[in-house]
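S.K.: Please model the entire structure based on the sequences and the hints provided.
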Amino acid sequence: MTTAEKDSQGEELKTWEPRILAFLCNWCSYAGADLAGISRIQYPPNIRVVRVPCSGRINPFYLIKSLQAGWDGVLVSGCHPGDCHYISGNLVARRRFAILKDIIEFMGIDPGRLNFSWVSAAEGEKFSKVVKEVVEKVKKLGPIEKLIKV
Amino acid sequence: MKEKILLKEQLSKLVEELMNKYTVFAPIKKNEFYIFDKITSPEMIDLEYSNTKIPPKELFFPPAETLFTYTKSGEGIEIVETNNSDENRVILGIRPCDVLSFLLLDKFFNSGKFQDPYYQKRRENTILIGLLCNEPQSTCFCTSTRGSPFSEVGMDISLTDLGEKYLVKSLNIKGDQILEQISVLEHASERDIFDATQLTKEALAMIKNEIQIEDLYNKFEKLFNNDAFWLQFSQKCIGCGSCSYLCPTCHCFDVVDEETPSGGKRIRLWDTCQFPLFTLQGSGYNPRSGGKERIRQRVMHKFSYYPKLLSEIGCVGCGRCIRNCSVNQDIRIILNAAQEIEGG
Amino acid sequence: MENLQGSMREIVKNLLNEQQVDLVIGYENGTIPLRTSPCFVTKEAEVQKLVWNSWCDLDLTKFLFKPENQNKKVGIIVKGCDARALVVCIAEKQIERNKTFIIGMPCPGILDRKKIEAAIAPKEILEAEVIEDQVIVKGKDFEQTLPKKDYLQTSCLACHYNNPPIYDVLVGGEPIELLTTEDWDAKLSEFEAKSPEERWAYFTTLLRDCIKCYACRNACPLCYCKECFVDQTQPQWVGKTIDLSDIMFYHIMRAFHVAGRCIGCGACTRACPMNIDLRLLSKKLERIVKERYNFEAGLNPEEPPAMGTHKVDDPQEFVTEGN
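In order, the protein sequences belong to chains P, H and V.
Heads up: the first sequence is residues 2 to 151, going by the numbering used here.
Heads up: the second sequence is residues -13 to 330, going by the numbering used here.
Heads up: the third sequence is residues 249 to 571, going by the numbering used here.
Simulated from the structure, these hints should not be mistaken for laboratory data.
Any given hint could turn out to be false.
What the hints assert, rightly or not - Below, in silico cross-link-like pairs of lysine-lysine (DSSO-like), each with a Cα-Cα straight-line distance of 27 Å or less:
no., chain 1, residue 1, chain 2, residue 2
1, H, K58, P, K150
2, V, K532, P, K138
3, H, K194, V, K388
4, P, K147, V, K435
5, V, K362, H, K24
6, V, K396, V, K362
7, V, K532, H, K194
8, V, K371, H, K194
9, V, K371, H, K(-6)
10, H, K15, V, K386
11, H, K16, V, K388
12, V, K386, P, K147
13, H, K16, P, K147
14, H, K16, V, K397
15, V, K371, H, K24
16, P, K141, V, K442
17, H, K187, V, K371
18, H, K194, V, K362
19, V, K371, H, K16
20, H, K16, V, K531
As the list claims (entries may be wrong) - Now the stretches of chain V that chain P is said to cover, found in silico as 3 or more residues with beta-carbon under 8 Å:
no., segment
21, 321 to 334
22, 340 to 354
23, 374 to 385
Virtual Cβ for every residue (Gly too), placed ideally from N, Cα, C.
M.R.: Here it is, written out as structure tokens:
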């Protein structure tokens, strides 16, 4: 490509902000995110939130489809193990997520696109830190290219 | 219809000359099998092959084809037709059975009131240079389906492999026009033509499969409700669909829309009657819910409905379904079994 | 290997005569060389059709799911891998153990017809014979002898359980050794050490040929869902085109659905008309659940499947702590 094209790509990259889709469980993580908001804790505005009743509700299809649709990163967040509103939904999610992450990273998707966390309703500060960490990770990876559907 | 000679060492030159005016498709070796592919350099071509894995129907009727795209906005919906069948193409080295498959596909895509513009355009813009068969495989049964290893029907130009050279024969005006532009052809001798005739005889003798198909449609009609007959074959079938996907005459398709909030595209995809979803109705009822209904459908479509309705046999005897079936289902066994049923 | 054929037939004959089973599912000779085909035997007269040889590659567990075989007492011929598939199906409550009579065949490894055809191509093989550890293939104007151990299926080379871990009768009475093996654990580790770019390049090159015929899914003994995710339209998860994105999506999600269940039988690879070899991926699936949950599929029908259970102390090193 021409120098001008390279330059404009570089410019685009400098201004590019990752788009992260966050699946938050209603009882803990969503409430935690809410608390962060109420407490006016600053965190990067890169996430879009989808509220689910439980992290165990999350069908791995949602996560892969998100990457295919062009989301640069995905965050799944639920209650701490032992604290799930539905007793064990988060434990189910944990195994599912582990397997999915292992598979896609084995096949070459950059580690860091799929993220998982435990955030309770009282952890507004933690939520903001998790988001910061995820955004930074994805920023380093660059815009998603693998798996994206043209 | 004058015969010419092309020395095998000149094949690359011929392809180069064709590539000046046409997009050329020919068999290439990929992994352990052959497929037709767009030729970007003449060295890619390998004509020392029996037949391709995927039939050349994919060059006229691709596995996935965008029919049109559309965008949605405040003003409404704008449709943009995809026009990707304009290029002038040559398919080089295609087998007689596969050429005959196009004539059958024509009956479906180009018939009567409803003409398929995507398929039709490609057909009009494509020249077929066939490669006649010196060594039919043990699974070939083209002679039972009104074909032959040396059939030139449907081709514009035919090639016969004489060892160090090809006998090149133009079969119509289109073929004449192409050959006039090729600089590397020599005159064929009487000997060359004689050799080709000998090869025809040898090839025909190599075909061991003799299946009575002509009057089979009557027997199949009588077998329609004979569950036990179909069960003996459907019990092996795992419904993988390989037979339909690799069949040169199978042409069923599905049409799907892939949408995003701002628009989308309509895509035509290969489908197969061997998938349960093929006949699943919105109500949830499936008239072909079992394997025996589906296998009956496929066999009768080719060997009963087509002969009855179109006076054609819906199969060209290429043998791909036999070689590639995951469970070694063999259409020859099914046809012979039907033949042995009394009556009809 | 072929020496077990006689004992196998005797056992089947007795089972049918004593009416211990309504049907026996086994292998019969194929109609073309290098093949066998599933065989459904209900009468003593048909028992002679059954064979046991180096071409018995199919996983017959699949046929237990056929509607016509439900509500029957079925005898089934299984190799080590097939038996493990059966165990998974029993553990997942899809097949009833007491309705199945398991005829276990100790297996030294099955030949890979595609590898042999590729070695001989473009010539056509018209006859093939296995004598001891040699394969003799013949065609028009040629005869060639190949060493059996160079032409085993990839899944056999990577196999750890060639003797059925579950059976009602073990034909021959003795477990046997595999003819040869390859260290696929080492291959997998070598692959895992590559960069994400290299691994993505490997998988996209491997899967680029996929024509989305779903033969892999249909051949897999564990893909028994009446409605597969591929066929769901509300919502449509998987795009049905052959774009690379849709191909990768399908294979990622099928891998996910068989994770913790895949026993590496290779039925998917065998069925694939485009010769795509998924052994590396299936090996990884086995490793994931072994390392994380100390679970190996298909050995114990009483053990709950890895993805059907959970523990409070499951590993969670991947969790983002937000530091």
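S.K.: Now tell me, hint by hint, if it's right for this structure.
M.R.: Structure-based check of each hint:
1. Using a Cα cut-off of 27 Å, the hinted pair K58 of chain H and K150 of chain P holds, with the two alpha carbons roughly 19 Å apart.
2. Taking the CA atoms of K532 of chain V and K138 of chain P, the gap is about 25 Å. The hint holds against a cut of 27 Å.
3. Between the alpha carbons of K194 of chain H and K388 of chain V the distance comes to roughly 13 Å, so the proposed pair stays at or under 27 Å and holds.
4. Annotation: proposed proximity of K147 of chain P to K435 of chain V holds, straight-line Cα distance about 25 Å (limit 27 Å).
5. Straight-line distance between C-alpha atoms of K362 of chain V and K24 of chain H comes to about 25 Å, which keeps the hinted pair within the 27 Å bound.
6. Taking the CA atoms of K396 of chain V and K362 of chain V, the gap is near 13 Å; set against the 27 Å cutoff, the hint holds.
7. Our distance criterion of 27 Å between C-alpha atoms is broken by K532 of chain V and K194 of chain H, whose separation comes to about 46 Å.
8. Taking the CA atoms of K371 of chain V and K194 of chain H, the gap is near 17 Å; set against the 27 Å cutoff, the hint holds.
9. For the hint linking K371 of chain V to K(-6) of chain H, the alpha-carbon distance of about 20 Å falls within 27 Å, and the restraint holds.
10. For the hint pairing K15 of chain H with K386 of chain V, the CA-to-CA distance comes to about 23 Å; that is within 27 Å, so the pair holds.
11. Restraint check for K16 of chain H and K388 of chain V: the C-alpha separation of about 24 Å stays at or below 27 Å, so the hint holds.
12. Distance hint between K386 of chain V and K147 of chain P is unfulfilled; the C-alpha atoms sit about 46 Å from each other, more than 27 Å.
13. For the suggested pair K16 of chain H and K147 of chain P, the alpha carbons sit about 25 Å apart, so the restraint of at most 27 Å is met.
14. A C-alpha spacing of about 25 Å is found between K16 of chain H and K397 of chain V, which places the hinted pair at or below 27 Å, so the restraint holds.
15. For the proposed pair K371 of chain V and K24 of chain H, the alpha carbon gap of about 25 Å is at most 27 Å, so the pair holds.
16. Among the hinted pairs, K141 of chain P with K442 of chain V is consistent with the structure: their alpha-carbon atoms are about 20 Å apart, no more than 27 Å.
17. Restraint check: the Cα-Cα separation between K187 of chain H and K371 of chain V comes to about 20 Å, which is no more than 27 Å; the hinted pair holds.
18. Of the supplied pair hints, the one linking K194 of chain H and K362 of chain V holds, its CA atoms being roughly 24 Å apart against a limit of 27 Å.
19. Between K371 of chain V and K16 of chain H, the direct Cα distance comes to roughly 16 Å. Compliance with the 27 Å bound is thereby established for this hinted pair.
20. Annotation: proposed proximity of K16 of chain H to K531 of chain V holds, straight-line Cα distance about 25 Å (limit 27 Å).
21. For the segment 321 to 334 of chain V, the assignment as covered by chain P is violated, since 0 residues bring a beta-carbon within under 8 Å of that chain's beta-carbons and 3 are needed.
22. Counting residues of the segment 340 to 354 of chain V whose C-beta lies closer than 8 Å to any C-beta of chain P gives 0; at least three are required, and the coverage claim is violated.
23. Interface restraint, the segment 374 to 385 of chain V with chain P: violated (0 residues with C-beta to C-beta distance below 8 Å; minimum three).
The earlier numbered hints that this structure contradicts are 7, 12, 21, 22, 23.
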